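Student: These protein sequences, in sequence, are chains B and X. The numbers in our numbering rise by one with no breaks, and the one at position 82 of the first sequence is 82. The numbers in our numbering rise by one with no breaks, and the one at position 262 of the second sequence is 549.
Hints listed in this document are in silico derivations from the structure and should not be mistaken for laboratory results. Don't take every hint at face value.
[Unchecked claim] Label pairs and their in silico Cβ distance ranges: (1) Q268/B <-> K514/X: 35 to 41 Å; (2) E148/B <-> R409/X: 44 to 50 Å; (3) G45/B <-> G333/X: 41 to 47 Å; (4) A152/B <-> A405/X: 41 to 47 Å; (5) L417/X <-> G144/B: 34 to 40 Å; (6) R406/X <-> T267/B: 28 to 34 Å.
Fair warning: this is a prediction, and the values are worked out from it, not measured in the lab. Beta carbons: idealized from backbone N, C-alpha and C, even for Gly.
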Amino acid sequence: MTTVQSPQTAETPAANRQVVSSEILPEELHPSSRIDATDVTCWFGKRKVLERCTLSMEPGEVTALIGPSGCGKSTFLRSLNRMHELVPVAAIAGTIELDGVDIYSEEMSPTEVRSRIGMVFQKPNPFPAMSIADNVLAGLSLSGMSNEDPKALVEQCLRRAGLWAEVSDRLNEGGMSLSGGQQQRLCIARALAVHPDVLLMDEPCSALDPISTRVIEQTIRELCEEITIVIVTHNMQQAQRVSDKCAFFLVESIGDPGRIVEAGPTTQVFENPSDPRTYDYVTGQFG
Amino acid sequence: MALTSPDLQALEEQVPRDIARTVTRGDRIFRTLCASAAAVSLFIIGGTALFLAIKAVPALQKAGLLSFFTTSVWNPTVGDFGVLGLLIGTIIIATVSLIVAVPLAIGLALFINEYSPARIRRVLTSSVDLLAAMPSIIFGMWGFFALQAPLVGVASWLNLHLSAIPFFRLSEPDAPLLRSSFIVGTVVALMIVPIITSVSRDVMAQCPRSQCEAALALGGSRWGMIKEVLLPFGKAGITGAVLLGFGRALGETIAVALIIAFTIEANPYVLEQGGGSIASLIAIKFPEAQDLEISALIAAGLALFSMTLLVNLGARAIVRRTQIAA
């Protein structure tokens with residue numbers, strides 16, 4: 001399979017995947033989970049980096065978080081699966097609900113939150129000591145889950161991440177032997193293996209070439225039928241290509257916390273923004 | 288025309304040319320100084336080995352090279368020497384100390400790096416360093432006077448419940464448990480915990496943050512992250528740290544000499560009174576030794592020297608191999 005795909009050929013793997021999914025995991029066909037962030041404020045030590053951000057990420061949709069560097073997009077994303085608190089001085093206010101349950105409450109443990117809300121990072125980070133197959137299965141051993149048919153799971157996840165055709169004959173090779181774009185798709189496959197309801201992506205293509213970027217964007221479009229996706233991106237064309245909904249983050253002046261200036265359907269944000277600052281940003285006046 | 292490639296056949300085969308390497312005077316002087324420092328360390332190792340070998344010859348000739356390493360006797364009056372029992376004793380004590388020290392040190396390293404709040408981390412780090420700076424005679428005295436009683440309790444518990452394992456058996460039910468290889472090994476363990484802790488801590492701190500975050504973001508617990516990411520990442524370095532500790536345990540002298548009820552024969556009953564090591568032999572016999580016995584002690588020293596050298600070389604080989612594999 002070549003890495004460049006025309007729109008027609010892209011349809012075929014998607015159709016195949018749905019057949020596979022309905023056989024193995026019928027429940028995954030119902031995109032069910034939504035995230036509602038209400039009045040989220042984040043601090044690092046005394047510095048407030050994000051203030052009163054309210055945003056709903058709807059089931060089965062791709063929500064893009066856009067805005068210039070340092071405006072709190074990544075912080076907001078990391079607060080959605082409790083990665084924010086891993087920084088020792090980090091603090092947070094407000095609520096984040098996954099299907100109505102506050103993820104910072106006693107009702108959910110951080111490990112449960114993170115296995116239901118997966119994450120793909122900016123830089124591809126497969127586990128270097130593990131083979132491709134073991135990388136996909138890493139989440140199972142990490143969280144103590146088991147699977148009766150790990151082989152099938154590896155294939156299914158790699159297919160969904162659009163990597164199967166390229167690696168099916170070398171599953172036992174090290175994950176680091178892959179190219180950057182393949183590594184990132186391996187990380188997506190790894191995140192899918194624990195069956196998350198939501199997938200957070202922190203500039204997943206910023207370290208990749210345009211062809212790999214295109215393959216990953218295709219993967220995102222296919223996945224969003226089953227999984228709610230939130231993606232941080234610097235690339236406004238990418239936001240337009242992949243997202244259904246868009247939230248524009250901005251730091252008003254230096255030292256201020258980041259805020260959400262505008263959020264809405266992607267077409268509206270890009271073509272008919274209600275806030276002049278959004279207009280300036282999406283038309284390339286700054287940032 | 289410039290783009291036309293030259294006719295390669297017509298040209299002579301190229302060879303690497305000379306590159307002029309002009310060195311300034313200051314550089315030359317500094318390089319000489321560094322080179323002499325390096326030479327000193329080589330000279331010390333070589334000189335020590337040579338000195339030990341030469342001085343050991345008389346005793347080895349008298350006792351016989353083979354029987355020196357295959358018998359367990361120490362009889363200066365007739366010139367009969369053999370250190371097999373003490374070689375075994377040395378390994379027994381070092382092994383006991385590793386078994387006690389390694390889990391302690393790795394647990395401590397993980398606690399400091401992964402679990403402790405910042406303030407406690409600073410206190411713990413400096414107390415581990417202080418532990419490393421404590422003179423071994425202090426450890427020895429503390430072990431002798433304060434640690435023996437509780438450790439005898441542990442020893443009899445081990446014997447009572449785990450005597451299915453040969454190491455935890457006694458030669459007779461009422462055998463005395465004080466001044467045993469087990470007690471000495473435990474005291475030595477405390478002395479090698481700092482080195483193992485600080486080396487493995489440094490190694491695991493090198494693990495890329497992105498790897499740890501990836502593990503946690505997959506829903507891994509902290510223990511899962513440690514097991515799947517940190518320990519595999521630090522494997523080579525931790526192995527090196529453990530072998531460094533082993534090397535130190537082999538050579539530890541004063542604490543062993545102070546506590547152990549010294550015997551020339553190997554004592555397979557680890558929990559029981561009696562045992563010995565090469566280093567403690569030298570410490571105990573040296574003050575009164577003369578002529579041939581001094582030569583025999585030096586020969587024993589040579590054996591210890593070779594053993595630690597081998598362990599260290601082995602450690603390096605293992606570390607290098609695992610590094611390549613990773």
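Student: Confirm or reject each hint.
Tutor: Hint check results:
no.: 1; hint: Q268/B <-> K514/X: 35 to 41 Å; result: violated (48 Å)
no.: 2; hint: E148/B <-> R409/X: 44 to 50 Å; result: holds (48 Å)
no.: 3; hint: G45/B <-> G333/X: 41 to 47 Å; result: violated (56 Å)
no.: 4; hint: A152/B <-> A405/X: 41 to 47 Å; result: holds (45 Å)
no.: 5; hint: L417/X <-> G144/B: 34 to 40 Å; result: holds (38 Å)
no.: 6; hint: R406/X <-> T267/B: 28 to 34 Å; result: violated (52 Å)
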